[in-house]
Structures are given as structure tokens and as C-alpha cells.
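Participant: I would like the entire structure built from these sequences, with the hints used as guidance.
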Amino acid sequence: MIGQLVVGVGDCLVSDDPESVLVTYALGSCVAVAIHDPVAKVGGLLHFMLPESGIDRDKAQRNPFMFADTGIPLLFHSAYGLGAQKKRLVVAAAGGAQMMDAQGVFNIGKRNCLALRRILWKAGVMVHAEDLGGLVSRTMRLDVASGRVSLRGAGEREQDLLAAQSPPGRNF
Amino acid sequence: MASNDIERALSDSAAEVLETMFFTTLLEDGEPVADSAGQWISAQLSFHGNPPGHFGIRIPLATGRRLAANFLGLEEQTLTGQQINEVTSELANMLSGSVLSRLEKGSSFVLSQPEVESSEAASPPGVTAQQTFQLQEGPLAIWLELERAA
Amino acid sequence: MAYNVLIVDDSPAMRSFVRRVLELSGLDLGRCLQAGDGQEALNLLREESVDVVLTDINMPTMDGEQFVRRLEADEALRAIPVLVVSTDRTAGRVRQMITLGAKGYVTKPFMPETLREELERVLGVNHGVE
Numbered sequence: 000m001i002g003q004l005v006v007g008v009g010d011c012l013v014s015d016d017p018e019s020v021l022v023t024y025a026l027g028s029c030v031a032v033a034i035h036d037p038v039a040k041v042g043g044l045l046h047f048m049l050p051e052s053g054i055d056r057d058k059a060q061r062n063p064f065m066f067a068d069t070g071i072p073l074l075f076h077s078a079y080g081l082g083a084q085k086k087r088l089v090v091a092a093a094g095g096a097q098m099m100d101a102q103g104v105f106n107i108g109k110r111n112c113l114a115l116r117r118i119l120w121k122a123g124v125m126v127h128a129e130d131l132g133g134l135v136s137r138t139m140r141l142d143v144a145s146g147r148v149s150l151r152g153a154g155e156r157e158q159d160l161l162a163a164q165s166p167p168g169r170n171f
Numbered sequence: 000m001a002s003n004d005i006e007r008a009l010s011d012s013a014a015e016v017l018e019t020m021f022f023t024t025l026l027e028d029g030e031p032v033a034d035s036a037g038q039w040i041s042a043q044l045s046f047h048g049n050p051p052g053h054f055g056i057r058i059p060l061a062t063g064r065r066l067a068a069n070f071l072g073l074e075e076q077t078l079t080g081q082q083i084n085e086v087t088s089e090l091a092n093m094l095s096g097s098v099l100s101r102l103e104k105g106s107s108f109v110l111s112q113p114e115v116e117s118s119e120a121a122s123p124p125g126v127t128a129q130q131t132f133q134l135q136e137g138p139l140a141i142w143l144e145l146e147r148a149a
Numbered sequence: 000m001a002y003n004v005l006i007v008d009d010s011p012a013m014r015s016f017v018r019r020v021l022e023l024s025g026l027d028l029g030r031c032l033q034a035g036d037g038q039e040a041l042n043l044l045r046e047e048s049v050d051v052v053l054t055d056i057n058m059p060t061m062d063g064e065q066f067v068r069r070l071e072a073d074e075a076l077r078a079i080p081v082l083v084v085s086t087d088r089t090a091g092r093v094r095q096m097i098t099l100g101a102k103g104y105v106t107k108p109f110m111p112e113t114l115r116e117e118l119e120r121v122l123g124v125n126h127g128v129e
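Protein chains in written order, with numbering that gives the first Met the number 0: chain A, 0 to 171; chain B, 0 to 149; chain C, 0 to 129.
Simulated from the structure, these hints should not be mistaken for laboratory data.
Since we're looking at a predicted model, the values are computed, not measured.
Backbone N, C-alpha and C fix where the C-beta goes; we use that ideal spot for every residue, glycine too.
Treat the hints with care, as some may be off.
Claimed, not checked - One side of the interface only, derived from the structure: several residues of chain A facing chain C at Cβ under 10 Å:
| # | residue |
| --- | --- |
| 1 | Leu119 |
| 2 | Trp120 |
| 3 | Gly123 |
| 4 | Val124 |
| 5 | Met125 |
| 6 | Val126 |
| 7 | His127 |
| 8 | Glu129 |
What the hints assert, rightly or not - Calculated lysine to aspartate or glutamate pairs in the DMTMM-like style (CA-CA distance at most 20 Å, straight line):
| # | chain 1 | residue 1 | chain 2 | residue 2 |
| --- | --- | --- | --- | --- |
| 9 | C | Lys102 | C | Glu119 |
| 10 | A | Lys58 | A | Asp68 |
| 11 | A | Lys121 | A | Asp68 |
| 12 | A | Lys85 | C | Asp50 |
| 13 | A | Lys121 | C | Glu22 |
| 14 | A | Lys121 | C | Glu112 |
As the list claims (entries may be wrong) - Label pairs and their calculated CB-CB ranges:
| # | chain 1 | residue 1 | chain 2 | residue 2 | range |
| --- | --- | --- | --- | --- | --- |
| 15 | A | Ala153 | B | Arg7 | 31 to 39 Å |
| 16 | A | Leu4 | C | Thr113 | 46 to 54 Å |
| 17 | B | Thr77 | C | Val93 | 31 to 39 Å |
| 18 | B | Ala36 | A | Gln3 | 33 to 41 Å |
| 19 | B | Arg147 | A | Gln60 | 57 to 65 Å |
| 20 | A | Val5 | B | Gln76 | 35 to 43 Å |
| 21 | A | Asp57 | B | Val109 | 52 to 60 Å |
| 22 | B | Asn3 | A | Gly82 | 52 to 60 Å |
| 23 | B | Asp28 | A | Glu51 | 46 to 54 Å |
Facilitator: What follows is the structure in C-alpha cells.
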């Protein structure tokens, strides 16, 4: 697919290229956060693995996108750098599943969901659409031009989590 | 009322309240527990139900501060003592509502407004049930006293 | 259209939480008024124009049940939609409050998204992105 940019595990990309689609795969207990400014047409996608960087500050220095508390603020600030504005941002999140093959880490899917919600609440942002928890690994795609977010659960068909946006993105 | 029904109600309620509005959860067995030195605070209330009784929680002030920061969406350093007390009071209110709804299914009951004060770590004597849960933010002790039904 | 909202709850912490949900939800929020019990709320409603009320049940002086009865009995106030937010999750209580005229009911504890959804349903709007 033209312009498909892959966000790996513990990774993040922001883009203002209308040809780009950001995609991340195999969200098991990890959480993906997609943000989009429908006016500036800027989008970002973060795929984080763990809730708190405090457990390994060296790792957080080298790769802040691995952790919710360092990755999420960076995702937002990177998007601001391309012209996105906080109050226009539409936020979607997926993942945080309870995976049977967890590497002995305690209930990481649930912890990641809680960290996401706690950090966004403190930052003054509410998720617009989400598919969090459950038992299924997912793939998430963000179309930068339209803000459309789609998900595909393992073994399932792709579905929209967020439809394409027309500005200003809210009709309240 | 079987004591493991009460224990189950306490832990299910703690998980439910903490996960929805405090964005945290109970630690698993074996996870390292947070330090609990320093002053504690307590919140307690009475309820008219079937049977009536009393309910209370005790937490270190530091834990109350962390939980209040989560609940209000604010930074810990900016919180006043009053805000911490108010959130602790609401935590007790919601926990008691959740516990009682699990134990006394189908009945409405009136909760008094919780009172918050500085506290010793030890729990009041002679309670029906008590449990201490470990959170990332520190310990949360919950006690329940059911009066004998008339 | 900016919505003026009245939050009625004897817990200042809960009023703060509900207010934060309103501020973050994407609702075009006008004035956000607060009262600690039903009587205080009625006094406020005499002075201020409000588009929706969110109320607890368990409150001193005048509880939520009494408050909703008084709203429904008042020709000037009965059109204001009421959303109940309460720890009481018994079917009987929910039925009672809806019968008395409440348009929605959220049990505590609740996730912010849950309150937003129920408020949107009561107001007949959505945050525009489904």
C-alpha cells in the first residue's frame, strides 16, 4: 500500500503527509494510541508495552515509547510540533488484552489500560473511541488524511473504530 | 453471612472502585509493596441497612495524596489537605456502597457522610471483617462492622 | 449551543470529578453550577437557567428523590432533563427515579466515558466521531 508506515513495538510515528497510513501490528497486552487533528491533518500513532518507566529509567531514556508515562506525552508533543492543537485532537486507543502467554508479568494488559486512562485524565484528554481489554490481539491503522482509524482482531475482518473526520471533528 | 462472602465483596468492590475512578488496581501476590511509613488517615461512616453497621477505610496520608491526584487529575504537589480528605471520604462512600450492594442484594440503604480524621495504623477492635489491600500507591485497609439484626 | 449544567452532590470530590468529565467530554459547556443538596439546588434553579441537572440521591437536608419530585412538580423546572448519579444500584431505585422523571441513571463508581455516553444520550447529542 502506498505510504504505509509501520509503527513497531515500543515505537511512535507522527505525520502530516496525506498519503500516509500509520499501522501497528500484534497489539496483545500492548496499547496503541492514535491521535488526529482534522484541521491541521496531522496524525500520530504510539505502540507502548509497559505502564511505568520508573521500573527502568535507563531503558526509558533510550526508548521512551516503550512506556505509557513517557510515550504518551511525547506522542502529543510530536504532533504539536507538526501543527496539531490539543483541543482539536481526536484520540483512539486499542489493545491491553489479557494475553494467555504473558511473560510472567502481572496482568500487564489491564495495567496498560489503567495507565493510559490515568495519563489522559491528568492531561485533560478523553478518548473518543476505544477497543481496550478483552482477549484478542489487534492491528490498528490510522489514515493521516482522513483520521479514519480501523482495527482488525486476530482472525476477524477489519472494522472502523473511528470514521473519517471532516473538520472541525466535533459536532457537540 | 459467610466470612468468605464478605472477603470476596471487599476485594471485588475495591477492584471495581479503584479501576473505574482511581485508575489503579490491586497488586498481585508477590509484587513489591509500597512503603507505608508516616501519618495515616481514616474515613468512616454508618449505614442503615439489613443489618445496619459501620464501615471504614484507613490509608497512609501519602497514599491518600496519590489516590486523590489520580481521582482529580491533578499533580500530587498541588493538592491541599482538604482535597485529600474529600477524595478519601468519597472513596469510603463508594466502597461502602459497592460492598453493601454485594452483601445485601436488593436493598437500598442510607449511608451517613463519611468523617475523615488522622488515624493510627491499627484498626478498631471487634469488627466483623477487615482486610488490607496493597496498591501501587500504598496499602488500603478496609473494615466492616455489621450489627446484629434485631 | 452552550449547555448550562447543575451538579448536585454532597461530595465536593465527586462534583469535581463530574465537572472534569463535562469539561473534557467535548460538550459545549456554558456555566457549570454546583450544589451540595437538593434544597441548595432548588434555590440555585430559581436564579439560574440550566439545561441539564446531574444529581446524587444520598444527600443531607433534601435528598435526590425529594429533589426530583420537587422539580417535576414545578412547571418552570420540569422540562429540565435530570441524570441521576448514585451508589444505589438496586433495580427498584433506578425504576423509581425514572418513574419520578429522571431521564438517565449512572451508578457509582463509573468510568468517565460512561458518564459522557449517558449524558449524550440524555441530551440527544454525540461527540461527533462515530
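Participant: Holds or violated: is the Cβ of A:Val124 closer than 10 Å to a Cβ in chain C?
Facilitator: holds, 7 Å
Participant: Between A:Leu4 and C:Thr113, does the C-beta distance stay in 46 to 54 Å?
Facilitator: violated, 34 Å
Participant: Looking only at beta-carbon atoms, does the pair A:Asp57, B:Val109 fall within the given range of 52 to 60 Å?
Facilitator: Holds, since A:Asp57 and B:Val109 (Cβ atoms, about 54 Å apart) stay within the stated range.
Participant: With respect to the beta-carbon atoms only, verify the hint that B:Thr77 and C:Val93 lie 31 to 39 Å apart.
Facilitator: Cβ of B:Thr77 to Cβ of C:Val93: about 37 Å, so the range 31 to 39 Å holds.
Participant: Hint validation: A:His127 versus chain C, beta carbon distance must be below 10 Å. Holds or violated?
Facilitator: holds, 5 Å
Participant: Check the following: the C-beta atoms of A:Ala153 and B:Arg7 are separated by a distance inside 31 to 39 Å.
Facilitator: holds, 33 Å
Participant: Between the alpha carbons of A:Lys121 and C:Glu22, is the straight-line distance 20 Å or under?
Facilitator: holds, 13 Å
Participant: Using the nearest Cβ pair, does A:Glu129 come within less than 10 Å of chain C?
Facilitator: At about 8 Å, which falls below the 10 Å cut-off, the nearest Cβ of chain C leaves the hint on A:Glu129 intact, so it holds.
Participant: Verify the interface restraint on A:Met125: the C-beta must sit less than 10 Å from at least one C-beta of chain C.
Facilitator: Because about 4 Å separates A:Met125 from the closest Cβ in chain C, which is inside the 10 Å limit, the hint holds.
Participant: Given A:Val126 as an interface hint, is its Cβ closer than 10 Å to any Cβ of chain C?
Facilitator: Holds, about 7 Å.
Participant: Are the Cα positions of C:Lys102 and C:Glu119 separated by 20 Å at most?
Facilitator: holds, 11 Å
Participant: So, as I understand it, the hint says A:Gly123 touches chain C; can you test that by seeing if any CB pair is closer than 10 Å?
Facilitator: holds, 6 Å
Hints 12, 16, 18, 23 from the list above are not met by this structure, while the remaining hints are.
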